[in-house]
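J.: The chain contents come next:
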Amino acid sequence: MKIYDVVPGLEFDPERDLAQSPAWFLDATHSVPPWTPMFGWFWINFCRHGMQYGAEELSLPTVKGWDWRFLRGGGYLTLLLVKSEEEKQRREVAFRSRILPFIQDYDGLWNGFVKEILGRYEELKALELDTASNIQLLDNFEQTINTCRRMWEIHMYMMYGTYIAYILFENMCRELAGIDDTSPLFHNVVSGFDNKVFQVDRRLWEFSKEAASKGLDTLILESDPSDIRKKLEETEKGRQFMKEFRAFMNEDGWRMQRMSEMNLPTWVEDPAPALGMVKQFIVKGGAFNLEEERKKLGDKRAAGEKELLSKVPSEQRGWFEQLMRLAQKSGIFSEEHDHYLDLYTHAMMRRSALGLGKRFVKSGAIDHHEDVFFLIPDEVRRAGINPDQFDLRYIVDRRKADWAEWQKTPNPPAILAEGFDLDQAMKVLVQSNDPIALKVVVGSMPQVRPELKADLYGTCGSPGVAEGTARVIMTEDELHLIKEGDILVAASTSPSWTPVFSMIQGVVVDRGASLSHAAIVGREYGIPVVMNVFEGTTKIKSGQRVKIDANLGTVYILD
Amino acid sequence: MSEKWIYWLEELSKADNDLVGKKCANLGEMTSLGMRVPPGFAISVHGYEKFMEESGAADEIRRYVRDNLPLINDVKRQVAASRAIRQFVESKEMPRQMEIELHTHYVKLCERVGQEKVGVAVRSSGAVSMPGQMETYLNVKGARELTRNVIRVWSSAFTTRAIAFRLAQGMEMEKAPIGVAVLKMVNARCAGVCLTVIPTTGDTSKLLIEGNWGLGESVVSGEITPDQFYVDKTCGEFECVVGDKTKMVCYGPGGTCFANVPEEMKRKPCLEEPELKEILRVAKNMEEHFGCPQDMEWVVDDDLPYPENVLWVQARPAKYAKKKESEAEYLAELMSRVFKM
Chain A
1 MKIYDVVPGL EFDPERDLAQ SPAWFLDATH SVPPWTPMFG WFWINFCRHG
51 MQYGAEELSL PTVKGWDWRF LRGGGYLTLL LVKSEEEKQR REVAFRSRIL
101 PFIQDYDGLW NGFVKEILGR YEELKALELD TASNIQLLDN FEQTINTCRR
151 MWEIHMYMMY GTYIAYILFE NMCRELAGID DTSPLFHNVV SGFDNKVFQV
201 DRRLWEFSKE AASKGLDTLI LESDPSDIRK KLEETEKGRQ FMKEFRAFMN
251 EDGWRMQRMS EMNLPTWVED PAPALGMVKQ FIVKGGAFNL EEERKKLGDK
301 RAAGEKELLS KVPSEQRGWF EQLMRLAQKS GIFSEEHDHY LDLYTHAMMR
351 RSALGLGKRF VKSGAIDHHE DVFFLIPDEV RRAGINPDQF DLRYIVDRRK
401 ADWAEWQKTP NPPAILAEGF DLDQAMKVLV QSNDPIALKV VVGSMPQVRP
451 ELKADLYGTC GSPGVAEGTA RVIMTEDELH LIKEGDILVA ASTSPSWTPV
501 FSMIQGVVVD RGASLSHAAI VGREYGIPVV MNVFEGTTKI KSGQRVKIDA
551 NLGTVYILD
Chain B
1001 MSEKWIYWLE ELSKADNDLV GKKCANLGEM TSLGMRVPPG FAISVHGYEK
1051 FMEESGAADE IRRYVRDNLP LINDVKRQVA ASRAIRQFVE SKEMPRQMEI
1101 ELHTHYVKLC ERVGQEKVGV AVRSSGAVSM PGQMETYLNV KGARELTRNV
1151 IRVWSSAFTT RAIAFRLAQG MEMEKAPIGV AVLKMVNARC AGVCLTVIPT
1201 TGDTSKLLIE GNWGLGESVV SGEITPDQFY VDKTCGEFEC VVGDKTKMVC
1251 YGPGGTCFAN VPEEMKRKPC LEEPELKEIL RVAKNMEEHF GCPQDMEWVV
1301 DDDLPYPENV LWVQARPAKY AKKKESEAEY LAELMSRVFK M
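If you read the sequences in order, they're chains A and B.
1 is the number of the first residue of the first sequence in my numbering; add one for each residue after it.
1001 is the number of the first residue of the second sequence in my numbering; add one for each residue after it.
One should not assume that every hint holds.
Heads up, simulated BS3-like pairs for lysine-lysine below, C-alpha to C-alpha not over 25 Å straight-line [what the hints assert, rightly or not]:
#	chain 1	residue 1	chain 2	residue 2
1	B	K1340	A	K83
2	B	K1340	A	K296
3	A	K209	A	K125
4	A	K311	A	K230
5	A	K306	B	K1206
6	A	K311	B	K1247
Rather than coming from a laboratory, the hints here were simulated on the basis of the structure.
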């Protein structure tokens, strides 16, 4: 059986693991649909490492991060709680000095990490995969593993520190200014910042303008995203456009189609998703000006800041303003970390693994280069230097069969010990005060209020009311189906979905909290977002008319 | 030709600290960075040494010290020594050639500012900080008075505290690295400080300007509530918190003194928008040049037209970290409470 372990040491074992913790939660945001084995190996090992690293480096008083297990392509997680009061107090004292770098020089801290990780990517990319020796390819793969490990350290350290400030800011807004996170003023204050993801979107929007000026807009509008490139290459002007577009992709296209998976091409390999976004901007129309939209939000924020500060007693204003500035980094961090950390590292993982995969195919160790995603690093190492000596196809075959099985029956949202129910489990999560649990993973539980007679109940990610046609989107390659004025229904959203927020009227997501992608971007675009409805994608069908009231957290299916 | 010992401020820079003392070197540096400072010149430490040797004062001090050294280890005798030595120094005439050079510079200064017998401030400018060397003589008019007061500043190197300090440090008694600054008296309409960081929050996007009518001493004294101007560094927009300016510092016959602010000026902002703009312009340049937040002292001279009237008398790195630290620590403590909800 040993050979079937996908994440040795961290496979879910019901007997032992439920004795350790009575509740394990599926990470539905990232591991539905189930991961390929290699991706699961990376995520379970290093996301787990990063969370514990971040909690320890910051000496979080009540939690030591999370424990993860792998089960049928899914990631299951549970909290590691600090057990004694005495230890909590000790950790709290240390926490107060460990958090200071975030307060004193947030930008310096974050920019330093970005520089470090980009430097690692450059080193990885410096190797020409086609001409490298087997030893060099294997070494590149080992470095990629280390990069992924480091990425998660930075990721979780920053995420914990950043979100603690955000939570405190929410609390203080309630206490000192009397506004909560459904208040438009609150949303105005935390949105309207420029960040790397918006910069990429702006470039895509500029390309849509350029396509129009070159007279290529009709061709793009009439083509399916996957055909745009081919059709453009048929004309001189189109070739010129694609040359510029490829240059842009080489710089900013190191990202995955699905955020937490490696078996789909990066934008560099296949720019169809990016060209699809250019198409979306053309659909949106000539008068649409992304730049102006952004500026309006910035102005609203400046006015909001003044209003908010005036509500705070003047003797408290000093630190409150400092806290506000810090909390404002949360939105920027949420978007930028996906770009610089997750998406980019996963693109590097794909690049390095495929380099070896192609070599393995040449030597007959596997049949297809993407079969490498059904191996785990130890098995890759087995054949790394001398792939001609090994036949790994039997491992690939078994794993592929397993993977196909995983797709058929979804993983349960939680695995609980006998006599322990979901409400109890949720309570433990909330009581942990773990910032990531509160703001990203679980969020607050929706309150079912029968008197509202809604079809679904959720929480408010971004305030507002909207009515429109529902569009259920499960993966990024369906994004082009979205039409102006739709209401997007999804399990969750990720950065590559950001551009469609400029077209839609509202969002319903199955899972999420106030610092999830959908909530942050919804606030940036000023559209209502209802989250944590759990069954949105199963109950709502594309084409149905729906009405959402994010302030109340309700969704009505009108048809 | 004897060694040069008087320098125009424009000739100096930070590198001349040992030559003319800290205050003069700073003013020179500020000039070279494009800040307007009160017009004036500096007397180097060589000027001091030249005077001491040529006038014979140095010899007298050496003799006095030789005769009394074993005895001046207690405060009473140090007081006596100070009195005696200052007596030697202040009784000496300035050597003829030195006096001519000094007067030539003074006349040139008068020509520059277009005033006959212009009033000047004569200040000590130590190359190393030494306690007691804080002598300043204000509103000195005419060449003879200038000579007398320069000698008085030199003599201030022998205050009781300075003598005690030299003994404790094992320094030679007649040697003192002391320079003198001779600056046009500013006819201060208003004055104050300018910080390129908000000291309470560490916010570096804004400038904090505090000011009051008259000389700047009142602003730092804490006796009055000065006007506060928060100026946005990028757009120049500003917010003014008018202080209750009941008193101001003026020159009086015996130096500076507090005076009552006329009723109609108490609630009137002491700076106007163009002056704020000029302060902002210079402050941004300084901060950029030094690469860290600055704490600067400005004064608006009523004798001069805008923008020449906005003068600077001091620039140093701002001390805000400590304040910021405590805000940060407070915030860190609040953050730890997030885990107790």
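J.: With reference to the structure, classify each hint as holding or not holding.
T.: Now the hints, each set against the structure:
1. Between K1340 (chain B) and K83 (chain A), the direct Cα distance comes to roughly 14 Å. Compliance with the 25 Å bound is thereby established for this hinted pair.
2. Between K1340 (chain B) and K296 (chain A) the CA atoms are separated by roughly 38 Å; this puts the pair beyond 25 Å, and the hint is violated.
3. Note on K209 (chain A) and K125 (chain A): the hinted pairing is violated, with a Cα-Cα distance of about 31 Å set against a maximum of 25 Å.
4. Restraint check for K311 (chain A) and K230 (chain A): the C-alpha separation of about 57 Å exceeds 25 Å, so the hint is violated.
5. Our distance criterion of 25 Å between C-alpha atoms is met by K306 (chain A) and K1206 (chain B), whose separation comes to about 14 Å.
6. For the hint pairing K311 (chain A) with K1247 (chain B), the CA-to-CA distance comes to about 33 Å; that exceeds 25 Å, so the pair is violated.
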